[in-house]
Each structure stands twice: as structure tokens, then as C-alpha cells.
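Peer 1: So the protein lines, in turn, are chains A and B.
35 is the number that my numbering gives to position 35 of the first sequence; each next residue is one higher, with no gaps.
1008 is the number that my numbering gives to position 8 of the second sequence; each next residue is one higher, with no gaps.
I should point out that these hints are in silico values taken from the structure, not numbers from a laboratory.
The structure presented is a predicted model; accordingly, all values stated were derived computationally and were not measured.
Each hint should be verified, as a subset may be incorrect.
Claimed, not checked - Rough simulated footprint, nothing fancy, chain B against chain A, three-plus residues with beta-carbon under 8 Å:
1. 615 to 621
2. 630 to 644
What the hints assert, rightly or not - Cut-off 25 Å, straight-line C-alpha distance, at most; resulting in silico cross-link-like pairs (SDA-like, lysine to any residue):
3. A:210 - B:1093
4. A:573 - A:543
5. A:310 - B:1022
To be verified - To list a few chain B residues with every Cβ distance to chain A over 12 Å, as calculated:
6. 1006
7. 1007
8. 1008
9. 1011
10. 1012
11. 1013
12. 1014
13. 1016
14. 1023
15. 1028
16. 1029
17. 1037
18. 1053
19. 1055
20. 1085
21. 1093
The beta-carbon is built from N, C-alpha and C at its ideal position, and this holds for glycine as well.
Each chain is listed here by its residues.
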Amino acid sequence: MEFFERFAIPNPSLAIYISMVAIALTMVAIVAGLTYFKKWGYLWREWLTTVDHKRIGIMYLLSALIMLFRGGVDAIMLRAQLAVPDNKLLDPQHYNEVFSTHGVIMVMFMAMPFIFAFMNFVVPLQIGARDVAFPRLNALSFWLFFFGAMLFNISFVIGGSPDAGWTSYFPLAGNEFSPSVGTNYYMLAIQISGIGTLMTGINMITTIFKMRAPGMTLMKMPMFTWATLVTNLIIVTVFPVITVALAMGTFDRLFGTHFFATSNGGMDMLWANLFWVWGHPEVYILILPAFGIYSEIISTFSGRNLYGYKSMVASMVIISALSCMVWAHHFFTMGQGAVANSFFSITTMAIAVPTGVKIFNWLFTLWKGKIRFTVPMLYSVGFIPLFVIGGVTGVMLAMSAADYQYHNTMFLVAHFHNTIIPGVVFAMLAGLTYYWPKMFGFMLNERIGKWSFWLLSIGFCLAFFPMYITGLDGQARRMYTYSEATGYGPLNMLSFIGAGVMAISFALIVYNVYYSIRYSPRNIGADPWDARSLEWATHTPIPEYNFAIEPHVASSQAFWDAKKKGHELFPGKLEKIHMPNNSGVPFIMGAIFFVWGFSMVFSLWIPAILSILAIFACMALRSFERDHGRYISVKEIEETETKLRGVN
Amino acid sequence: MSELFPRKQIMGFVFSLILTAAALTVYFLNMSFAKGMVVLLVTAFVQALLQLVVFMHAGETNDKWVIYGKVAFMMAIALITVFGTLLIFLWDM
Ligand code: HEM
Ligand SMILES: [Cu+2]
């Protein structure tokens, strides 16, 4: 009996039982649907075993959207709980679990896959390559992310969710204060998907350095590719830190070590240190690809070359280095002295400089441009003023003396949502709308899209600006309620209303997808936005080999040159094309990692050891397997090309 | 014949064994903590570079500056992290 008790949730409630039933029903429905429509084979052949960067990108995208809704529901629950003083909607334990889950899901399992979706889908096209450098590794990255996310998501129905915040500070996250398995889930789920992320980092760097089309020197790469390159350099630099920190945390919780304990020579503050050595660069890992997407969109819809290309690149490189030197600004109040704090204050403020350079470059690109206010452009233009507010409050927080006042209040919460929502989420939605036609062959409806943009922006301001005020008045973050006498009530109600407006906006985006699937015209050609870089130079739908003939490039906007200046993009002639084979091993390995993670969470050593062995068996299999890929013959390419040209 | 003889690799192998032996002395000789750490750090970094250059072919393609550049960047960041942490927890706590 005791054995089974571990799997029960510590604080069950009606909502959780309902979720259990809902999850079970959804799973039954999926299995039944796949069987009824005889789609198992299709799913396996075309998606689960695919190594095609475009399909992997689309799978990342779908996962990110699903996680956006999971995290969004959490957010609504949090705001509902705080909407009125002394609310009893959630008890403190549930509140803790919900905000911890919300943070982890939004950062690790929503924003990260969202940026990987665009990196995977766009970068090989933008540099004129046929796939990424290591296509099978890429599939493995995706499945590790996916199963890591699934492991994290089952926590709330089996064993209980983590409740020590998305930062999971020790000693709170240690066994003594967090006895449930929730924090084990945190450690292992992030570990598994983090390994996938690290592999993506290596993969993307190699792809960009090794597989660019002839003529594309580094300084002729489109801006999104540059952003991807710099981002992945940061990933490879800092992800090992979180890998090690999580491993140490896991050891503390499962094997009784004392790395982060307060006794026996352990040091709890070291967790906070290591977490932020990774954590601050992580926020730049999220924002740089977003900057890349904005650069593409703003230059396309201003009908102009991106202003200050070189300074854009330089500022990203400077940001990548600086972002690794500022981590202590997350714990100015931990007890170190003024020298350390001043150092980290100054480095932190310095980051605002290259960021400002980028803002001015976008403004100068808009200046005298022929601006078209499409939905992606609206998001990009909305981003500029809103993000600046986030940056300015960031600089306020960066003053260590003042931070004693702001730290861990709602002011901080307002700051980072103010950077992440207009920065990252807007970019993701802009990119989604912008690349949607390339991915699926039709456009999203512009009218509904504009409605959702305005609702999201207004909802965002309503939801987060009040927090600046309540934060300065002293409302602490992560407190499940407050008394009426504090006077925080009305502003928190306003926040709740704002969150509701944002929820309506997201619902509208879903409706837009449905509406556009039904009513959008399909004959939109390959370049519906009149864009400038190579990803628009191939057909829609994109053939699996991307480009029949390798493109030749002479500037950072090769496609524009080809359209307007008579640049010859495809000078060669057709040759047979070498492509990688599909493989089921990445999916299977991901699944085994899931079993491993689950067994570790519950200290089930035998299945844990067996799954480790199975993982090594998969790797050995790969080493001894002979797989030289396959060729697509010229005849086959010709057939595909004429068919696709017929569509346009 | 001499082109076929993997001189570089053999030398690299011998040198990496020497480095390992040097690191082992920390265990066998009775050194102070500080001295031991210095020996370990130095041998570890030289060893890593050796492996990278000789056995992982870092310098053999014409884009080697990319590899070396990345290694240098990583080392710089690692050092900043270590010294930053020392600043926070030892020198200014
Ligand atoms: C001008 C640029 C920025 C500066 C100067 C800055 C400064 C800061 C400072 C000093 C803190 C810690 C405050 C405290 O804990 O009391 C902080 C927290 C945070 N910032 Fe920023 N920031 C900037 C940009 C960004 C961007 C671009 C993002 C994300 C895309 C971001 C995300 C975050 C997050 C997630 C936290 C809080 C995490 C937590 O404690 O849970 N910041 N920022
Ligand atoms: Cu930070």
C-alpha cells in the first residue's frame, strides 16, 4: 500500500480529479480516432520518424501552442485567486504549485520550443540548405524536449506538481521542505529536455557554419540566422551549467548528498548562483531569436533593407558576452557586499546599450519606409514601445541599492512579463502569422488577426501595468492572498480583467486558425508577403529537398535582389539530391528517457537502470548502423518541380 | 614511410599519459590543498586542449578559427563565472 501512496497527489481536489478524467478521455479519444481513421501508419511514417527539419519545426510549434494554453490556464487561475482580497479559490499549496508550474511551462516548454520551431523551420531555408547538419540528432532533440515536457505535465495528476517556484531555490526545494515528488519532476523533466536543447545548440551552430549556400558569407546572412547563431552559442555555453546544477539537485533529493544543503559543508546559495548563471543568459536565449524575427518582419513590411546591419550583428555578439556576466542581479539581496553588487549592477545596465542600439536600428528601418500594417508588422511595431518600458524598468531593477525595495515584489513580476510578453510572445505570434503561409499553404485571416493583436496588447497593459504600482506599494510576489486593508484589491481586479482579455485574444487566435482553414484562399503563391530572404524563394508547399538547385547568394537579401535587380538565384542545373533517411530510434529513445525520468522521480531503481541500459543500447545501435541516406533522382525532382510550378 | 607513421598522435598520447601521471601525484605526494588544486587545474586544461587539438582534429580544417574562437569564448565565460562566484561568496560576502 505504501508503495502506491507515493503516486497519489498530496493535496487532491475536485479540479484534479476532473483533469485526470479529462486526460484519460483525451487519450482514449486520440487512440480511438487514430485507429478509426487508420492513421497510425501515417503518423509513424510521416511524423514520428521524420528527420525533416520542416516537420520537426511544425511539431515544435504545435507542442509550444499546446503548452501556451496549459500555462495560460495556470495564469488565469493565479490571477483569479488574487482578484479579490482574502480569496479562497486556491489554497496556499495549490497556489504554489500553480505558479511554479506556470513559470516552468512558459519558459521551458512554451517559449523554448516556440523559438526552436522557427529556428528549425526557417534557418535551413534561409541559408539555402537541404536540412540541418545532423538531421537525426535534430529529431532526437525534439523527442527529448517533447517527453521532458510530458513528464513535467503528468506531475499534477501523479504524485503532485513542483511547488518551490520556477527557480526552485534550495533549501526550500530540498527534501526537508518539499517532501513530495514534485521537485523531482522539476529536476528530471528539465534535465531531459535540456539535453535536447544542448544538442540543438550544437546542431544549429554546425548547420550555420557549414551549410550556407555559395556566396553567403557570415556578413551576408539574414538577421534571423545571425540571431540563431548567437543564441545557440549562448545555449552551448550555459546549458551545461544547468545540466550540472540539476544533476546535483537530483543527487541531493534522491541520493542524500549535501551540495545545496545548509549542513555538512553544503551551500544552499550555490543553487541560486548556478541557476542564474544559466538563467540570465536563458532570458537572452529567448529574446535574441525574437529580435531576429522582428528584424525580418520589420524590413519586409517597411520595404527596406534592415538599417545598420553590422551594428545589429555587433550588438547581438556583445549581448551574448554581457549576458553571461550579469547573473547576480537576480540575488542582490542575498548578502554579498557592495563591491560584488556594484560590479553586477554596472554590467547589467551595460546590456541596455546594445539593446538600445537594436531598437534604434528598427526605428531607422521604419523611417521613410513604405510601411504595410499587416498582422506580423502590428506585433513588431507594438513590441517596440512596450518592450522599451520593460527595458527601462529592468534598468531600475539593475540598481542594486534600489533593488532591495523592488526585489520579489510584483514590480519585478511586471518587469519580466513586460519584457517577455511584448518581446518573446509577440514575436512568436508575429512569426506564426508570418510563416504560416509557408508552413501550411494559406494565410491566417488578417481581420481576426488584428483583433487579437489589439486585444492582446490592451489585455497585456491592463494585466501588468497595475503590478508596477502594487509592487511599489509592497505587494510581494508568490503570496497566495492579501488582506483587504492593504488596498491592493482594485488594481489586482484590474489585472484579472486584463488577463481575461488576453485569454479572449488567445481564443480568437485559435478561432482564426479554424476560420482560415475553412475560408482562406489556397492559391497564394510562394511569396505572399513580398519578402526578401531565401526562405520565400522556394515553392509552397516546400518540397522535401527545399531547393531543387542550390541557390547562389550575393547579399543578405538574395531573394529581393532576384526579384528586383535581376540577380540569378539558381544558376546551376538539376542534379540528384542526397537526403537523410527517416528513423524511429529518436522517438523510441525519447520514450525510454520518459520511462527513465518517471522511474527516477519515484525512486524505482530497477526500471531506471533498465532504461539507462536501453538508452545506451540505442546509442550503440546508432554507432554500428550503416545508413548512408538516399538519393532523389533528377527525374523525380523534375516531376515534383513541374507539379509545384503548376500550383503557382 | 615516415608519412604513414602517426607521429603526432603517438606524441599526443604519450604527452596525455604524462599529464595524467602528473595529476596523480596530487594523490600520492602530500601536497597542500592550494598546490594540489593548481596542479589539477593546469593539467586538466592542458589535457583538454591536447585532446581537442590532437585527437578531435580541431586545427585541421580551414575554418579552425571558428573552433578556436568558440573555445576561447567558452573559457573566458567559464573564468568569469568562476571568479564572479568567488567574488560573491568569498571575497565579498
Ligand atoms: C535592459 C535589459 C534588462 C535589464 C537591465 C534587466 C534587469 C533585471 C533585473 C535586475 C532583474 C532582477 C530583479 C530582482 O529580482 O529584484 C530582472 C529579472 C528578470 N528579468 Fe530582466 N532585465 C532586462 C531585460 C530582460 C529581458 C529581455 C528578459 C526576457 C526576455 C528579462 C527577463 C527577466 C526575468 C524572467 C526576470 C525574473 C526572474 C525571476 O526572478 O523569477 N529581462 N531583470
Ligand atoms: Cu537577469
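Peer 1: Hint by hint, note whether the structure agrees.
Peer 2: The hints, checked one at a time:
no.: 1; hint: 615 to 621; result: violated (count 0)
no.: 2; hint: 630 to 644; result: violated (count 0)
no.: 3; hint: A:210 - B:1093; result: 46 Å, violated
no.: 4; hint: A:573 - A:543; result: 17 Å, holds
no.: 5; hint: A:310 - B:1022; result: 47 Å, violated
no.: 6; hint: 1006; result: 23 Å, holds
no.: 7; hint: 1007; result: 28 Å, holds
no.: 8; hint: 1008; result: 24 Å, holds
no.: 9; hint: 1011; result: 28 Å, holds
no.: 10; hint: 1012; result: 23 Å, holds
no.: 11; hint: 1013; result: 22 Å, holds
no.: 12; hint: 1014; result: 28 Å, holds
no.: 13; hint: 1016; result: 22 Å, holds
no.: 14; hint: 1023; result: 21 Å, holds
no.: 15; hint: 1028; result: 25 Å, holds
no.: 16; hint: 1029; result: 25 Å, holds
no.: 17; hint: 1037; result: 17 Å, holds
no.: 18; hint: 1053; result: 19 Å, holds
no.: 19; hint: 1055; result: 17 Å, holds
no.: 20; hint: 1085; result: 6 Å, violated
no.: 21; hint: 1093; result: 5 Å, violated
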